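Here is what each chain is made of, one letter per residue.
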Amino acid sequence: MKMRILLPLAGAALLAVTGCRTSMNTIENAQKEGQRQMISDSRVITDSSLARKVSFVGLNQSMTPGGLLKVQLELLNNKRSLQSFSYRFEWFDASGMLINNVASPTVSDQIEGGESKFISAVAPNPACKDFRVKFIEN
Amino acid sequence: MKKTLLWSCLAAALPFVAGGCATKAHYIQTGGRESVVSVNSINIQDYIQAADKMTGELLASGALDKVSNPPAVLAISRIVNNTGAQIDTDLLTKKIRVALLNSGKAMTTTTMGLGGTAEDPMAKGLQQEAEFKADQKTTRTPDFTLSGKIIQTIARSGSTSQSTYSFQLSLTDPKTGLAVWEGEKEITKQGEKASVGF
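Line by line, the protein sequences are chains A and B. All the letters of the first sequence, read from the start, carry residue numbers 1 to 138 under our numbering. All the letters of the second sequence, read from the start, carry residue numbers 1 to 198 under our numbering.
Hints may contain errors.
So the derived list for chain A, only partly shown, Cβ under 8 angstroms to chain B, looks like this [what the hints assert, rightly or not]:
{"hint": "1", "residue": "Pro65"}
{"hint": "2", "residue": "Ser104"}
{"hint": "3", "residue": "Asn125"}
Don't read these hints as lab results, they were simulated from the structure. None of the values given here were measured: they were computed from a predicted structure. Yeah, the Cβ is synthetic: ideal placement off N, Cα and C, and Gly gets one too.
Throw the hints in and build the complete structure from the sequences for me.
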C-alpha cells in the first residue's frame, strides 16, 4: 500500500528534478570569416570532477594594437546543469618570472548546461610573454 | 536539586564551549575565494574584479597609444558614488592607476586634481617653484581624464535580495571633450535575507 503511494511520488519527483535541468543550444555561421590562432597547451588536472563537468576546448591568443598579449580560452560544460567555478590568470615575462599584477583577481563565473563559453584576459604589460590559468570548482 | 544544579552548571559552561569552538581570526588571500560576500556592500574582490576587467579593456582598446608623446598622461576626474554606502572610490581608481603605470601605457598626474586640489600638494608646490625659477611651464597637460560612476541597483523577491553594482568609467580627451573609451563592469550578488535581524 505504501509502495503504491511512494513509487508514483518518487517518479514525479525525479521528473521534476530532471525537468529543471536545461542546457544551451547554439547556432552560428558555419563558414567563419575570422581565424583563431590556436596554440598548444599543457594541462594539469588534479580535480577530475571539475574536468568532467567543465572541459577546456582550446586556447587562442592575439596581440592588441598596443603590443599586449591577449588570451582567450574556450570552455565547455559537459553536463546539463549550471556549473560554478573560479579562475585566475597569471602572467610571466620572457625569463619565466611571475609578474605581480595588483589587479589579478580570482573571478567567480558560471557556465550553463551544455554551454560553450569564452573567457579572456589581456596581459598587464608588454613584457608578458607566457601565461597560466588556474581553475577551481566553487 | 542535584539535577537542577547539574543543568545550571551545563548551561553556564555552554557559552565557553561554544566560544572555544569559534573560528579564530586568520589570514586569507585578499579577494580570494574565502572572502566574505556581502549583498549590500561592495567587497574588496568586487573592486579588484572591476578594476582588472576595465583596465584590460582599456589597454586592449589602444586608446592610450594614440598620443603624440607616450606614455599618456592621465588625470583623475570625478568618480560619482551612487550606491547606498559611503565608499572611497580610490579603492577602484588606484588599482587602475597602478595597472596602467605598470603597463607603461599611462602615468597619472598627482599635482592636478578636481577643483584644483592636488593629490600631492608638496609635489605641486615644488613643481610650481621649479616653474617659477625656470620661468617656464613644465607641467604637462593631461592627455586624458578618467571619470565615472558606481551605481547600485537593488532587487528583492520574497526573502531573496539582489544587488547589482555597475562600475562605469569614461576616458575623455580634454582637447575635444569626447570620450575615446568607455567601459562598464557589472557585479551582481544575491543572498537570502536573515530570518532574524536586519
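Against the structure, the hints:
| no. | hint | in the structure |
| --- | --- | --- |
| 1 | Pro65 | 4 angstroms, holds |
| 2 | Ser104 | 7 angstroms, holds |
| 3 | Asn125 | 4 angstroms, holds |
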